[in-house]
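Undergrad: Those protein sequences? They're chains E and R, same order as listed. Residue 1411 is where the first sequence starts when you use our numbering, and the numbers rise one by one after that. Residue 1411 is where the second sequence starts when you use our numbering, and the numbers rise one by one after that.
Careful, some of the hints might be misleading.
When chains are identical, the list treats them as one kind, so a pair holds in a single copy or across two.
The calculated EDC-like cross-link candidates involving lysine to aspartate or glutamate, where the alpha carbons are at most 20 Å apart (straight line), are [as the list claims (entries may be wrong)]:
(1) LYS1668 - GLU1638
(2) LYS1496 - ASP1581
(3) LYS1730 - ASP1682
(4) LYS1768 - ASP1732
(5) LYS1475 - ASP1763
(6) LYS1510 - ASP1732
(7) LYS1496 - ASP1569
(8) LYS1715 - ASP1569
These are calculated hints, taken from the structure and not from any lab test. It should be emphasised that the depicted structure is a prediction, and the values quoted were computed from it without experimental measurement.
2 protein chains.
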Amino acid sequence: MWFFKRKHQLKQTRAHLRTASLISLSLLATVGQAQPSVTPKLPPMNIVDIGSFHVGGRFAEVSGKEVKDVVFTPGGAPARLDPNGKYLVESMYVQYFTPKNLKAKLPILLWHGGGLTGVTYESTPDGREGWQQYFIRNGWKTYVSDAVERGRSGFASPDIWPSPPQYLTIDNPWSRFRIGTGGWNDDPAQRKQFAGSQFPAEGYLNFMRQVVPRWTSTDEVTIKAYTELVDKVCPCVVLVHSQGGQFGQKVAQARPDKVKALVLVEPAGLGDPAPEKLAALNGMPILTVYGDYIDQDSRWPSMRKGQLGLNEKYTAAGAKIDVINLPEIGIKGNSHMMMMDKNNMQVAQVINDWLKKKGFTQ
Amino acid sequence: MWFFKRKHQLKQTRAHLRTASLISLSLLATVGQAQPSVTPKLPPMNIVDIGSFHVGGRFAEVSGKEVKDVVFTPGGAPARLDPNGKYLVESMYVQYFTPKNLKAKLPILLWHGGGLTGVTYESTPDGREGWQQYFIRNGWKTYVSDAVERGRSGFASPDIWPSPPQYLTIDNPWSRFRIGTGGWNDDPAQRKQFAGSQFPAEGYLNFMRQVVPRWTSTDEVTIKAYTELVDKVCPCVVLVHSQGGQFGQKVAQARPDKVKALVLVEPAGLGDPAPEKLAALNGMPILTVYGDYIDQDSRWPSMRKGQLGLNEKYTAAGAKIDVINLPEIGIKGNSHMMMMDKNNMQVAQVINDWLKKKGFTQ
C-alpha cells in the first residue's frame, strides 16, 4: 500500500484535469492502488489523420537453394516456389496519429523494448489506453513503430539471417519484468506478485499475447532503420523503452540535430561512450525514468548503474540529464512495463510534465 | 486506356462528394489514368477512439530442449534462456478505429490476404490512404487485424510449428498479383506492367516492404482466432481479400448470426461446400469482386471459376450473391491488390454503395 501526500495529489489532479481532462475522477481515486482496474470513461479523441509507412531495408540475394513445391492452403494444388532471387529485408513499419489540437511543438516517437512491438504503447493487458493515446490526447503527433524483425516489419529467412529468434515462455517475463517472483501462475492465490505492484496481473496472459519472437542479431540494422525514420520525420522527441535504450541513444548520437530530446524509460541498452559520440549530446535534454523493486532484482541494479554511469559522461559532455526514480517522487509499485501498469497515465504525466518544463509542449 | 461513361462518371462523382467529401476533384480527374499518382488533399478525419487487443490463442508445452546461453545484445553478458515450458501461441492482433460520425449500422472487419498484414488496408505503396481510412471516413467503426502468425500477432517456435514459413522474392508478386508480366525491374523502361494498370508501380518496393513471411500450416488456427474475433465484436460486416476468402466464408458459415454480410475481394480460398454449411448462409448478402487482367493470368480464371461455382451453391441455399467484375462496370486496370491501386477509393465506393443498397449504411 502507498499513498500520495495530499498536496501532491491535489497538484497532480489539477494538472491532469488542466492538461487533458483525460481521466475521470473515479479513476484518479483508484490510481496507484492495487485494485481490480476500472476502465475509465474517457472523453472522445479527435484524430484527424492516421496512416503508416515502412522505412529502410536493403536488398539481399539468395542463390543455390532448391526450388520447392508449396501447398499454400491444405488441400490446394502445390505451387512452385523458387526461394532463389532478390529479397527486400530489414525495413521498419511506422504508424502515425495526428490529433486535431496539437499542443507539442514537435512529434513524439515511441520505440518499444525487446520481444515486443508498438502494441506496447497502444493497449494495456487489462484493456485500458496506453501511452500512445496519452500523447495523442495531450496534443502530440505520435509515431509508433515496430522495430526491424518485429510485428508488421516482417523478418528475413534463415538464408539471410542465419541465427534463429528467441521465444519467451509464459513464465519468463513475470520476474524479469519485475512484476513479482517465480513465474506466472493461473491461480491468483499462488502468484507471487510484489506487494503494491501496479501491473494488471489479471491481464498478464494478454501481455504475453503481445510478446513476439526476437532476434539477437539485428541491433545494427534496427539502428539503421530508426536513423532513417528520424531523417524522415524529425526534428522530434524520442521516447524509448528497455532494449530501445540502445537504439534511442545511438540514434540521438548520430542525429543530434534531429532528436531534440530523449526519454529513456528503463533503458536496458546503452549509448556509445566514444568521446565524439558523447560530445554529440551536448545540450540535449535527456530524462531517464526507473520504476520500483529495482533493489529486489538480480539484473536491474547493475543495468541502472551502467546507464547512470554513462549519464555522468553525458553530463560532462554538456547533456542536460534528469533521472527520476519513481518511488522517490511517491509513485510506487511500477514494473518494467510501466506504460501498462494501472497508474500508466500518472507515469506518462510525469514525462509530459518534464517535456513541458523543457519547452516542448504547452 | 479506359474511360467512364459520362453519366456514370457524374453519378460516381456526386455520390463521392455526397457520402464523404473525401476526394478532391483533381484526384477524381486522374482516377483510372496510369499517371504518377497525386496525394489528394483530404479533409481531416475525426476519430474518437483507437485501440487494440489480441484474441484467442492456446497453451503449448515445450520440453526436453537444451538450456541455452543467449547474448541478447552484442557485447552484452550472456543470459540463460530455458526454452522448456509453457507458451501462449496462435492469438491474433486487432486494431480498431471509431469515427465520430457513425453512418454504418454495424462495424466492418477488414481481413488481409496471404503474406501480408493489416497494413494492406492502411497505406498504399505510393503513400495514399487505404480502405481502412475510406471506411472510417465513411462512418464505419473499422477493425483491422493481423492474421495468426502475421505482423503483431507473432508466431510460434519450430518446436511448436514444425513447418517453416515461406518468403517471397521481390519478383514473385509482380506477376502473381496481376501487376504485369515477368518480375520487378528497377528500371521503369524495363518493367512489363499491364497497359492501363492502376497499380502504383513506382511504389512497388514499398509494397514488398509490407510483405511478411507466411506459414502454410496455420489455416485452422487462423479460422479459430477469427471466429473468436467475430464472437467478441460482431454482429458486423466482414470484408476479406485473397487468402482471407477461405477465412471469411468459413467463419460466416460458422457464425451466420454474427456475420451479417460478406465482401469477398478476389477470394483465393473457398468456403465449405458441405450442405449444412451452405445452408448456414441462407439469406446472407455476399458480394464477390474481381479486378482486371484475369483472363491473361494462369491461375485466376480457375480460382474465379471455383468461387463462382461455389456461389451457385450458396445461391441455391438461399444466400444473396452479387458478383462484380470491375471491368464490366467500366472500372479497368485493377490488380489483385485493388485496395492499393490508384483508383482504390473508387473500388471502395463500389463496395460501400453495395453495402448501402443492402441497408448496412446510409
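Undergrad: How would you classify LYS1496 and ASP1569 at a CA-CA limit of 20 Å: within, between, both, or neither?
TA: Within one copy, since 12 Å is at most 20 Å while 29 Å is not.
Undergrad: Give the relationship of LYS1715 and ASP1569 under a CA distance limit of 20 Å: within one copy only, between copies only, both, or neither.
TA: neither (39 Å within a copy, 37 Å between copies)
Undergrad: My question is about LYS1475 and ASP1763: at a cut-off of 20 Å on alpha-carbon distance, are they close within one copy, between copies, both, or neither?
TA: neither (56 Å within a copy, 48 Å between copies)
Undergrad: Reference check for the pair LYS1668 and GLU1638, CA-CA at most 20 Å: within, between, both, or neither?
TA: within (11 Å within a copy, 44 Å between copies)
Undergrad: Classify it for me, LYS1510 with ASP1732: is the Cα-Cα distance of at most 20 Å met within a copy, between copies, both or neither?
TA: For LYS1510 and ASP1732, neither the intra-copy (31 Å) nor the inter-copy (40 Å) Cα distance is at most 20 Å.
Undergrad: Up to 20 Å between alpha-carbons, please classify LYS1496 paired with ASP1581: within, between, both or neither.
TA: Classified as between; 7 Å across copies, 39 Å inside a copy.
Undergrad: Go through the copies and call it for LYS1730 and ASP1682: within, between, both or neither, with a Cα cutoff of 20 Å.
TA: Within one copy only: 17 Å inside, 64 Å across.
Undergrad: Measure nothing new, just compare the shortest in-copy and cross-copy C-alpha distances for LYS1768 and ASP1732 to 20 Å and report within, between, both or neither.
TA: Result: close within a single copy only, 11 Å intra versus 59 Å inter.
The earlier numbered hints that this structure contradicts are 5, 6, 8.
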